[in-house]
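> Residue strings, one per chain:
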Amino acid sequence: MSVLKLNDICFSYGKTEVLKNISFEFEAGKTYCISGRSGSGKTTLLSVLSGLAKPTSGEIFYGEKSVKKIDRYRFRSKYIGVIFQSYNLITKFTALENVVLSMEIAGVRGVKKKQKAMELLKSVGLDESEAKRRVLQLSGGQQQRVAIARALSYNPDIILADEPTGNLDGETEQAIMSIFKDLAQSGKCVILVSHSPTVAKMCDVNYELKKQNN
Amino acid sequence: MYIFKNALKCIGRSKGRNALIGVIVFIIALSACLGLSIRQAAESSREETLKNLKITANISFDRSSMMSSMRDENKGSFDRDKFSENMEKMSGLTLDEYEKYSKAETVEDFYYTITTSVNGSDNFSSVTTESEDESSSASNTKMPQMSNGDLGGKGMGGFGKGGIGGGMQGDFTITGYSGENAMKSFIDGTAAIKEGEVFAEGDENYDCIIPSELAEFNSISVGDSVKIANPNNEEELYTLKVVGIYTDSSANESGMGFMGMTANDPANQIYLSFNALEKIIAASEKNATTETDEDTGRQSSTKLNGQLNASYVFADIEGYEQFQEDVKAMGLDDNYTVSSNDVEAFENSLVPLDTLSKLAGYFLLVILIIGAVILVVLNIFNVRERKYEIGVLTAMGMKKGKVALQFITEIFVVTIAAVIIGAGLGAVGSVPVTNALLENQVAHASDQTDKIEQGFGRLPDGEGASQMQAPPENHGGFKPFENLMGINNENAYVTEIGSATNFTVLLQMLGIGVLLTLISGTVSMLFIMRYEPLKILANRD
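Chains as they are written, first to last, in the numbering used here: chain A, 1 to 214; chain B, 1 to 541.
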């Protein structure tokens, strides 16, 4: 059964149509790759999926429920974890604080947040001292891991990642991809937006976006 | 809760920006605290003084009210003959009437005096610093014809029961007291018996007390008799027995009688009981002859004119204000008014502090406006600078309202901390600063008064000014020329305040802190609400 379903999604910036009649289905336990050439609307689709942008037409279903009926802040903070291409971390905070903050925004209760955040950071390959550093003092790969830990912090069903390996070297790319694979195996739906053939090859399902001729 | 924690973290991690905001708020708070403290000091000083102020009031003829009603009747033009006619019709209140009003509920004490002017005799002459010739020309001045109550100033009851009066100004002022409570200078310690004793209350014998200077001048001892004469009829003599000699410290301060009139010199003040002086005036009236001026048709009498003055004492200003209403209800004519030198002196004493308070109010307003503008601008920069952070937080699912709340919390914490420090330092500094400013204000106000005095040919402070003073001992509140001439010779200003910052000021400071937070916080909120995370993050990318 699909956790996320797109029905004839269209999106346009003014008169420029970027997405046209997109209908995809995403299931739990699988990795998806949305690929396409530059300007094909990959990042726009990710924004629509994460609730940051509203489709011009069409409908998105989270399970059985239309996303329109879910508060978009709640949708972003609880049901979907987004990993941005440029990480979008709070730079004045440490890696640990970024993860804890994400849990607090999501309203996670009943767990020791700092402890869980540290475990998450360790699980994505950061040690304790790195976790306590401000994010600007971390490398791109380390920031990417912090962003992943943050996306996982409130245990969402869907993980969205925009060019998750775009800024990383081959070795780190492999490491990051194995984290995504593990997440999918643990029952998450992992949707990666990438134009990398390596990433596409490692995913279970590939969707390709075609550039609209406006 | 996490919003508050986040806010604190953000404050700690943006020390420079928050320190700048803190310094600005601190300056605003310090200035505001000083301004508010000055205003509070003025208010407290007024309340405190009023609370402890015993008020003495008099009923006097309200000449200005009559003049204005006449102007109204004549549609703006002023009829001098009618004015004189009206003035002559107005008789001063009688003792019975004064006593009637003393029954008003709020009157705490009541006393009265009668004053007249007499001449000396061969072996009893007035103290004068002038030569004999000058003295004789200065004394025995023919006073203008005045009908009852014509002097009409505050603290004067007008002439007594006698009808038309007029006559010569004598060398001595002789005052009859209703009781010891009327002898204010003896109560406040300005005057004291040196030898003998004060005449008995209600005494009808012609027992009097005289100043030591006068006693020495005429070689008089206690037990001696002195003769006084009616200045309108030198053959009309009365013998007084000196039962006491008193010293008057205020006499040392004034070199000469008022406007050179020896009768107003403190050294030429004779005191006796009201009953005794009333008896003398009654005897004089009995022996009096009346003449009619052929040209003006006005009558003049040789009788001694007694000027009756009654004083009412109230526990506080409310009592005084109530009395003003009560006497009208008890039938006091609209041409009479109740007034108090104490209230005026009290209001005058607060002039510098009130001026300072007003200036502090304007200063406070300017500081708050400028401060609020600076804070708003700083917050606009702050929000714009943290635009990316706002985008990330909202992209993570934090509602804009919560983001705004975090920003407002940051401003609030910084503002309140700065307000507390500013208010603390302001509280410590408010008393010395207020007193220093008040000193300047008092000096300025005194300079102004001195300039006015000099403009009228009077010398400031102590020299000629003392010459302008009314006799310091005019018991019962009667100061014959003081108010007539508009002279306010006692600049008893409030020159110092004890405390300025109190709980009210602290509450107001808190209010200012909240107000500044709200103003600058609202701006932050408006900006945050406008921002769309997608646009921010897309631009960043």
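None of these hints come from the bench; they were simulated from the model.
You may find that some hints are simply not true.
[What the hints assert, rightly or not] Chain B regions said to be covered by chain A (calculated; three or more residues, Cβ under 8 Å):
(1) 2 to 14
(2) 366 to 375
[As the list claims (entries may be wrong)] No more than 20 Å apart at the CA atoms, straight line, and that leaves these computed lysine to aspartate or glutamate pairs for EDC-like:
(3) B:K535 with A:E163
(4) A:K54 with B:E532
(5) A:K92 with B:D447
Quick caveat, the model's predicted, so the values are computed rather than measured.
Glycine is no exception: its CB is placed at the ideal position from the N, C-alpha and C atoms.
> Now, for every hint given, state plainly whether the structure supports it.
Hints and how they fare:
For a cut-off of 8 Å, the count of residues in the stretch 2 to 14 of chain B with a CB near a CB of chain A stands at 6, and the three-residue condition holds. Only residues whose C-beta sits within less than 8 Å of a C-beta in chain A count toward coverage, and the stretch 366 to 375 of chain B has 0 of them, not enough to reach three; the restraint is violated. Proposed proximity of B:K535 and A:E163 is supported: the alpha carbons are some 19 Å apart, at most 20 Å. A C-alpha spacing of about 12 Å is found between A:K54 and B:E532, which places the hinted pair at or below 20 Å, so the restraint holds.
Of the supplied pair hints, the one linking A:K92 and B:D447 is violated, its CA atoms being roughly 61 Å apart against a limit of 20 Å.
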